[in-house]
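Q: What follows is the residue order along each chain.
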Amino acid sequence: MTIWWLAFIVGSLAAVFLAFIWISIKLSGVQGGGKDKKKQGTTDLDKAYSDLAEEDVNHLFNKEFREELRNRGRLKFEQIVDENAMFLKQDLDLTISQLNDYMKQQISSKLDSEFQTYSKAMKEAQELTLSVLQKTANELDQQRQELSQAMQKSMTAHEANMLKNFENNMATVVEYYVLQSLGEQFDMKAQLPYIMKQMEEHKKEMMEDMLL
Amino acid sequence: MSEAAPELNLPPSVVSRADMTRLVRELELVDDELEAQKARRQGESGHYHLPNMSQALNDFLQLNKIDVASDRTRMDIKARLRKLKDHAPILHMTFATETDPESMQKLMAWVRRELHPQALISTGLQPSLIGGVYVRTPNHVHDLSLRTHMKDSRGLIVAALDKLKEVAQ
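Chain order of the listed sequences is A and B. Counting from 91, one number per residue, gives the positions in the first sequence under this note's numbering. Counting from 273, one number per residue, gives the positions in the second sequence under this note's numbering.
Honestly, the hints are just simulated from the structure, not real lab data. Check the hints yourself; a few may be wrong.
In the DSS-like style, the derived pairs of lysine-lysine whose C-alpha atoms are separated by at most 30 Å in a straight line are [stated by the list, open to error]:
id	chain 1	residue 1	chain 2	residue 2
1	A	Lys279	B	Lys357
2	A	Lys294	B	Lys435
3	A	Lys293	B	Lys435
Interface residues of chain B toward chain A, partial, derived using beta-carbon atoms under 7 Å [said to hold, decoys possible]:
id	residue
4	His321
5	Pro323
6	Asn324
7	Ser326
8	Asp358
9	Thr369
10	Thr371
11	Leu387
12	His388
13	Ile429
14	Val430
15	Leu433
Quick look at which bits of chain A chain B covers, simulated, 3 or more residues with Cβ under 8 Å [unchecked claim]:
id	segment
16	277-284
17	288-296
Built from N, CA and C at the ideal position, the CB exists for glycine as well.
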């Protein structure tokens with residue numbers, strides 16, 4: 091919006107400048123054209139007056155005078171140009187100031203809006219993240235509890251199994267130990283009392299069998 | 273009617289059928305020697321020169337109060353010994369360690385005193401028995417080994433462990 095205003099002001103100033111140029115050219119043209127009309131419209135009678143007038147004109151509007159007029163016109167033109175430039179500068183400053191204010195306002199509002207949107211989105215994302223984290227934490231806690239229970243169950247079963255195996259194999263271990271420990275030291279003389287005792291206990295069965 | 277001859281008693285030094293075979297062979301050798309002396313008329317006075325005999329044969333003759341100078345007695349004893357060698361009840365005994373003669377004689381004495389006066393023993397070796405003896409009579413098997421005894425006593429260890437577990441809990 092402000093850019094259009096700026097363009098309009100610049101265009102107006104340019105139009106004023108062009109109009110001033112056109113008027114200057116027209117004025118110089120009027121001066122030249124008047125001289126021609128006098129030359130065309132005058133008769134021979136007037137020719138003398140014309141010559142006289144021309145002489146007066148040349149006398150009045152001599153070179154210094156024209157130079158003076160040109161200087162004055164140039165100064166006036168420069169003054170107008172300076173004033174317009176000053177006005178243009180003021181307008182430009184004002185426009186720039188307004189434009190800055192407007193830009194600040196727009197940017198601020200836009201930024202506020204964006205910040206609000208961003209803040210809202212961040213809040214939603216944060217809530218979503220918190221929700222997901224909470225859900226994940228709950229699932230992890232549940233899985234941990236299940237795993238703990240499963241491990242406890244497995245450990246109990248494993249312990250019972252090991253105990254059972256130990257109990258089952260304990261006798262074998264003891265037998266192996268006894269065999270390795272006594273195998274070579276438990277000679278016949280040492281065994282004889284045990285053998286006699288055992289045979290004494292089974293004497294009746296053996297005797298019946300041998301008498302058959 | 274002739275009176276039945278008393279059963280022959282075997283000395284403890286005669287343990288196995290191989291000992292019995294050696295005894296019979298030695299008795300046959302003695303018989304041959306005495307027959308030879310008789311043929312040479314060296315024993316007419318009733319005093320034969322007896323050959324050297326093993327301890328087992330000496331024990332056998334003393335135990336049964338046998339006079340080897342008698343031909344009839346020798347013939348009778350030979351025949352009875354041969355019969356006994358083939359028909360004596362044999363006790364197969366497997367031990368965990370090598371046997372020694374002294375222990376075997378003690379064992380043999382007990383067997384003949386308690387089980388059968390003419391029993392013989394066939395021995396075997398099985399170290400996995402740990403101790404004790406594995407006895408095979410003609411119709412039965414008696415596992416008197418320490419291995420079996422310990423195997424049968426496994427329940428004691430388990431019961432002791434259970435008791436310990438109860439105490440621990």
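Q: State for each hint whether it applies.
A: Cross-check of the supplied hints:
1. Between Lys279 of chain A and Lys357 of chain B the alpha-carbon distance is near 28 Å, which keeps this suggested pair within the 30 Å criterion.
2. Using a Cα cut-off of 30 Å, the hinted pair Lys294 of chain A and Lys435 of chain B is violated, with the two alpha carbons roughly 37 Å apart.
3. Distance check on the hinted pair: Lys293 of chain A and Lys435 of chain B sit about 36 Å apart at the alpha-carbon level, beyond 30 Å; violated.
4. Taking 7 Å as the C-beta cut-off, the interface hint given for His321 of chain B is violated, the closest approach to chain A being about 40 Å.
5. Using the Cβ-Cβ criterion of 7 Å, the hint placing Pro323 of chain B at the interface with chain A is not satisfied: the shortest such distance is roughly 34 Å.
6. A cut of 7 Å between beta carbons decides the hint on Asn324 of chain B: the least distance to chain A is about 30 Å, and the hint is violated.
7. A cut of 7 Å between beta carbons decides the hint on Ser326 of chain B: the least distance to chain A is about 23 Å, and the hint is violated.
8. Interface hint status for Asp358 of chain B: violated, as the beta-carbon distance to the closest one in chain A is roughly 16 Å, over 7 Å.
9. Annotation: Thr369 of chain B was flagged as interfacial toward chain A, and the flag holds, the nearest CB pair being 5 Å apart, inside 7 Å.
10. Checking Thr371 of chain B against chain A by beta carbon gives a least distance of about 5 Å; that is within 7 Å, so the hint holds.
11. With 7 Å as the threshold, the beta carbon of Leu387 of chain B comes within range of chain A, its nearest partner Cβ sitting at about 5 Å, so the hint holds.
12. Using the Cβ-Cβ criterion of 7 Å, the hint placing His388 of chain B at the interface with chain A is satisfied: the shortest such distance is roughly 5 Å.
13. Checking Ile429 of chain B against chain A: minimum C-beta separation of about 5 Å stays under 7 Å; hint holds.
14. Taking 7 Å as the C-beta cut-off, the interface hint given for Val430 of chain B holds, the closest approach to chain A being about 5 Å.
15. For the restraint placing Leu433 of chain B at the interface with chain A, the shortest Cβ-Cβ distance is roughly 5 Å, inside the 7 Å limit, so the hint holds.
16. With 6 residues bearing a CB less than 8 Å from a CB of chain B, the segment 277-284 of chain A meets the requirement of three and the coverage assertion stands.
17. With 7 residues having a beta carbon nearer than 8 Å to a beta carbon of chain B, the segment 288-296 of chain A meets the requirement of three or more and the stated coverage holds.
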